[in-house]
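Undergrad: Each chain, written out:
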Amino acid sequence: MSILTLHNDLTTYLVIGAVLFGMGVYGIVTRRTLIGMLIAAELLLSGASINFMAFNRFISPDPALGQIFTLFIMAIAAAEAAIGLSIIIAFYRHHKSIDTEDAVQLKG
Amino acid sequence: MMETLFNPDGLVGLIFFVNLIVTITGGFIACTSRRLVRAVIGLVICFVGVAGLYYFLNSPFIAMMQILIYIGAVAVAISFAIMLAAPEERLKIGPSGPLSGPLGLFAAALLTSGLVTVAFRTEWSSLTKINDGSVKIIGIQLLTTHSMVFELISIVLLIAILGALVIARGGRGN
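Here the protein sequences come in this chain order: B and S.
At position 96 of the first sequence (counting the first as 1) the number is 96 in the numbering used here, and the numbers step up by one without a gap.
At position 69 of the second sequence (counting the first as 1) the number is 69 in the numbering used here, and the numbers step up by one without a gap.
Chain B extracted, bound-state conformation (with noise of 0.2 Å):
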């Protein structure tokens, strides 16, 4: 297989969709900001909806439900921005931070 036919292999979406997931959960892990995390569950999302559209392309039999699936991910995702979001600027108005390490008013 020639590096010029790699777009029509569903194993390089795959990979490309595992790859992004990877430096999705590296910086959840890593990140000490809230607005930092949001942005790696971002990338997360992209990787499972690659996947999706990857899967829906060469394998689905119906092309359309993947696409309606990654659709509803995307609203999902916007969702969860605005909420996020407006957490993190009510938090921010309370403590003057963003440190994930100020939020400690649930520990047990």
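FYI, nobody ran anything at the bench for these hints, they're computed from the structure.
A portion of the hints provided could be inaccurate.
[Stated by the list, open to error] Which bits of chain B does chain S cover? Going by a derived footprint, with three or more residues having C-beta under 8 Å, they are:
| no. | region |
| --- | --- |
| 1 | 30 to 43 |
| 2 | 69 to 75 |
| 3 | 81 to 88 |
[Claimed, not checked] Taking CB as the label site, the calculated pair distances span:
| no. | chain 1 | residue 1 | chain 2 | residue 2 | range |
| --- | --- | --- | --- | --- | --- |
| 4 | B | His94 | S | Leu110 | 30 to 40 Å |
| 5 | S | Leu84 | B | Thr5 | 40 to 50 Å |
| 6 | S | Arg169 | B | Thr5 | 48 to 58 Å |
| 7 | B | Ile76 | S | Thr117 | 20 to 30 Å |
The C-beta atom is built at its ideal place from N, Cα and C for all residues, glycine as well.
Knowing the structure of chain B, use the given hints to seat chain S on it.
TA: Okay, now just chain S, sitting in the frame of chain B:
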């Protein structure tokens, strides 16, 4: 068959390769950059690359929605939140602990290698398509087969907008 760069197929492969590099580079910037503004820019670059991948996967509609929703709405909202809530001089940078960098890298490498192994080892068999997945089919299915989920998503979005307003407005008087 030997592919070269100088025919349409080879050019498509080259464009895909550039697209792939854009996606991976954007994701790398988004998860490792020390400043949040640069992380958002990396996220935007990554989303442009992902939209290109969707175009390669035969769905220009989803590619357009990706650019419209993620870059036009989510990335802009995140950059506004950074402007409102993260003054640069107060940002503590770097990982959250001495062990979190290596442990995070380990967890990410474990997950990625597992997923890649599964992708390479499984014998995927493709099925015959029952439609062409065009925008028309998507619209019909959204309003017939998936109409319940469609309505639920709109309610979720409405509640998310109202909830975001209520949460972000609380304590504004102080």
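Undergrad: Would you mind marking each hint as holding or not holding in the structure?
TA: Status of each hint after checking the structure:
no.	hint	in the structure
1	30 to 43	holds (count 11)
2	69 to 75	holds (count 5)
3	81 to 88	holds (count 7)
4	B:His94 x S:Leu110: 30 to 40 Å	holds, 37 Å
5	S:Leu84 x B:Thr5: 40 to 50 Å	holds, 47 Å
6	S:Arg169 x B:Thr5: 48 to 58 Å	holds, 54 Å
7	B:Ile76 x S:Thr117: 20 to 30 Å	holds, 28 Å
No hint from the list above goes unmet by this structure.
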